[in-house]
Amino acid sequence: MSYEPKIVGFLCNWCSYTGADLAGTSRMKYPSNIRILRVMCSGRVDPTFVLKAFREGADAVLICGCHPGDCHYHEGNYKCLRRYHVLKKYIEQMGIDPKRLRLEWVSASEGKQFAALVEEYTQQIRELGPCAVKEELDKGEKKKETVDADLAKTA
Amino acid sequence: MTEEKKKIKMAVYWGAACGGCCVSVLDVHESLFTVVEHADLVFWPIALDTKYADVEAMEDKSIDLTLFNGAVRNSENEHMAHVLRKKSKVLVAYGSCAHMGGIPGLANLSSKKEVFRRAYHDSESTVNPDKIEPQTVTEVKEGTLTLPEFYEEVKTLDQVTDVDYYLPGCPPNTARLVEVFLAVVTGAELPPSGSVVGASDKPLCDECKREKSDNKKVKKFYRPWEVQDDYKTCLLEQGIVCMGPATRSGCGARCIEGNGPCRGCYGPTKDVVDPGAKMMSAIATMIDSNDEEEIKKIVESVVDPAGTFYRVSVPGSIIRRKVS
Amino acid sequence: MKRVTIDPITRLEGHGKIEIFLTDDGEVDNVYFQVPELRGFEKFCEGRPVEEVPTIVTKICGVCPGCHHMASGKAVDAVFGVEPTATAKKLRELFYMAHFVHSHIAHFYALAAPDFVVGPTANPAERNVLGVIAKVGVEIGTEVLKQRRIAQEIQALLGGHQTHVVMNVPGGVRKGLTEEQRKDIEEKAKGFVEFSKFSMKIFNDVVLANKEYVDIILNGPYALNLHSMGLVDANNKVNFYEGKVRVVDTNGKEHCKYSPNEYRDWVAERVESWSYLKFPYLKQIGWKGFVEGNDSGVYHATPLSRLNVADGMATPVAQQEYERMFETLGGKPVHATLAMHWARLVELIYAAERCLELAQDKEITAPDLRAKVEKIPTEGVGIVEAQRGTLTHHYWTDENGIVTKANIIVGTTNNNAAICMSLKKAAQGLIKKGVEVNEGICNMIEMAFRAYDPCFSCATHRLPGTMPMIVNINDKDGNVMQTVKRD
Ligand code: SF4
Ligand code: SF4
Ligand code: SF4
Ligand code: FES
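Residue numbers (my numbering), protein chains in the order written: chain A, 1 to 155; chain B, 1001 to 1324; chain C, 2001 to 2487.
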């Protein structure tokens, strides 16, 4: 079976989520690889959310917010933009290809553009292949049996 | 005269540590007598002649309080963590290394292979034509020699065993240790298991004496040698990365007293899951631009986010090591 | 053949294990001293901004963080091609002398004195710093702790953090001294001088006046005929903060005298599969195995070797004591391992006197704390004399000052081969057919080791870990016959 990427999408409630909704209601087709999470504003996307998404097995994270100037909380999307660049630099140091994190502006009327974006991004991540974070980090987790075995050595 | 107090049994042990945590215990200085009055130190390799076998022979839960410092880097560290957990009523992750992985945890930005390669093959002063590397088992003509196994990654104490409390700091401020110690020996009610003790929930900036305004905005982050510190304004406001806003107070802002920036050894403030995440947000808030190209340029001046925001906490963070 | 394991080695900073193999006749066949850990600092300094490295490498060792901070700070200056200001240099050296006072006091009273003051074969429950206090009196015990605290307070004042200092920036220091602070330090330094002389007196009264101990020092199984290494100033006097590294051979003849950036011409390191710690040796001679003598590449870098390589001490009382020591021990160079304790006290006096000199230097309060960085960073070496041996830090960076490579040879590492040999010799002298290997004998073997004041948190900067000790006695098939228990 060919590899199907998992993409986590954080969409702001006011523009992007509405845009995605529009794509859905107008029966525009886009890949089901994306799992959408609604946030009130892209400025609410804490770096922790993004890191957790990777830790839980996301192959990529897509953040969408209102176009510059349109954020319902004025500056939320700029805040997101600045965080996004800091985060990209950090994940690259951790061995995660920065292409796996993406920020795009999608308005409430841009259903079509949203569908095209997901289509294109899914293809890009499919080519990149799976993200190793979950698999590699799961390996080092503690297991009770190993603790017992270790203690038994001294008993 | 009161009846003789019952002394508690206490142990101090080091995993992958620098010794600074043990020194911070010695740094009770003259209060050492107070400590000895209240506690029998039953195991403390830096200062006492007790051997591993003695600890293994102790009754389960016979040690009242164990301060475990150092990270878990190899099988010996992990083994002692398991043994001490079994023998101790209260196990404290003492210091940044046990708490979050500490400075040795920076090794998680490389693989074991890369660490060995650098130390035993590529180091400029090393001559190793036979490409020898340390082995867990070596046969010598007299018999067999063994070494602990060097793990793929550095782990925090709570990644290998259950921890009751975390006492942060690299090393913890000795005054905080004494407070916690006295609380334990006087039988004061202890906070719920899993708590951070010996530190405040407020950020370090509250403890820092530098002048600060609410409006921190910068166009560039500076390396400490690129600017002249004015010795009074908040370092962040001068553009020097300081972890104060994302770090618990409790140390006395000691690095800043020396005019150096904070590197977060007291760990993240209350309820923060990932130690560097809050600092990334704080830095992003400070960037004084809404223009993408300019933002990118300013971010470039933050030269080493992983090594700075996670200076002592790579193993304890969400992405706890570099992936390949 | 039997195996004796001492695990962990206690009362030293770090983790370690000694394996002793006996022959069928119960004689010592061989001894291995194993360092069971590595942390990998050289690797993870890569990618860091080079000016951050001085505050990262302090965590190589919490016992001598100041040494790493100084060697690293000097290497970083060299990377940027910047010469620190005169005031910055004085402040650094003042800090460093306080660091020596602190460390040497700790070693003498907490690590070495238990063996002499309480007794080498005394009950292990008493053979520790608390036992020493019980013997010499609480008053003296309190004084020890107090002097150590004061030395540490001076370090904290200058370095910000009481352990992991943040003092050095490229070209200087972050913090200056006020006149009031200087006066205060001057008073404290006077106290150090008095206390260091007093410590020497304890050594005279307790150790040198005891024929049995002198005998152990001079004739015990503790002598090792090796090359000596140490840092010296322009007059070949002992210097801890800067100068050239001088090596003299087993007869006291100069083997080399090199500047920091020439270290790779003179020193090389060897890897063995049974220890995580490498074995440095003199490169021009080459590695000839764990052997003594002039043809061997093995050297030591300790208080004793520093006194062996130097022509004297740069301060008056230390100079007197230096002369007295060599006179008593029959001239230079001295090869008696346990004389390291004596040499350490001579150094303590020097550090105290030098601390006072610097505190009396009125220029130390001048405001020129930092020289400006103007060159593009490249590569640099910094060397200081750490309490436990010559310490070398070497960094390479890209043109933004991000570390591309780092190489570190730590004080204790220099002595790795010497410690192995010293242990073997002690074991051979102490373990004899028909003699039961008891706890006391194991401790006397450990004494050979403790003389080096080895610090394995330091040495294991390549691996993290602890340093305890086991003595295993192995039979000729390598089976453990007996593990010496200490209780
Ligand atoms: S927390 Fe800091 S002081 Fe403690 S062992 Fe780790 S590096 Fe050393
Ligand atoms: S950012 Fe640093 S210098 Fe500024 S107030 Fe906070 S702790 Fe102090
Ligand atoms: S200022 Fe920051 S890095 Fe320094 S001791 Fe305090 S918490 Fe740790
Ligand atoms: S509300 Fe859409 S980005 Fe802020």
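Think of the hints as simulated: they come from the structure by calculation, not from any bench. Glycine is no exception: its CB is placed at the ideal position from the N, C-alpha and C atoms. Possibly wrong hints are sitting among the right ones.
To be verified - Where chain A lies over chain B, by a calculated footprint (3+ residues, C-beta under 8 angstroms):
1) 1010 to 1019
2) 1082 to 1089
Stated by the list, open to error - Straight-line Cα separation of at most 30 angstroms, BS3-like style, residue types lysine-lysine; simulated pairs:
3) C:LYS2188 - B:LYS1232
4) B:LYS1220 - A:LYS134
5) B:LYS1209 - C:LYS2089
6) C:LYS2372 - B:LYS1220
7) C:LYS2405 - C:LYS2257
8) C:LYS2283 - B:LYS1216
9) B:LYS1112 - C:LYS2283
10) C:LYS2237 - C:LYS2183
11) B:LYS1216 - A:LYS52
Verification of the supplied hints:
A count of 0 residues in the stretch 1010 to 1019 of chain B with a Cβ less than 8 angstroms from any Cβ of chain A is obtained; the coverage claim is therefore unmet, three being the minimum. Counting residues of the stretch 1082 to 1089 of chain B whose beta carbon lies closer than 8 angstroms to any beta carbon of chain A gives 3, which reaches the threshold of three, so the coverage claim holds. Between LYS2188 of chain C and LYS1232 of chain B the alpha-carbon distance is near 28 angstroms, which keeps this suggested pair within the 30 angstroms criterion. A threshold of 30 angstroms between alpha carbons decides the hint, and for LYS1220 of chain B with LYS134 of chain A the separation of about 35 angstroms lies outside it, so the pair is violated.
Proposed proximity of LYS1209 of chain B and LYS2089 of chain C is supported: the alpha carbons are some 27 angstroms apart, at most 30 angstroms. Taking the CA atoms of LYS2372 of chain C and LYS1220 of chain B, the gap is near 19 angstroms; set against the 30 angstroms cutoff, the hint holds. This hinted pair checks out: LYS2405 of chain C and LYS2257 of chain C have alpha carbons roughly 26 angstroms apart, not beyond 30 angstroms. At most 30 angstroms may separate the alpha-carbon atoms for a hinted pair to count; LYS2283 of chain C and LYS1216 of chain B exceed this at roughly 55 angstroms.
At roughly 28 angstroms between alpha-carbon atoms, LYS1112 of chain B and LYS2283 of chain C fall within 30 angstroms of each other, so this suggested pair holds. For the given pair, LYS2237 of chain C sits about 28 angstroms from LYS2183 of chain C by alpha-carbon distance, which is consistent with the 30 angstroms threshold. Proposed proximity of LYS1216 of chain B and LYS52 of chain A is supported: the alpha carbons are some 28 angstroms apart, at most 30 angstroms.
In this structure, the hints that do not hold are numbers 1, 4, 8, in rising order.
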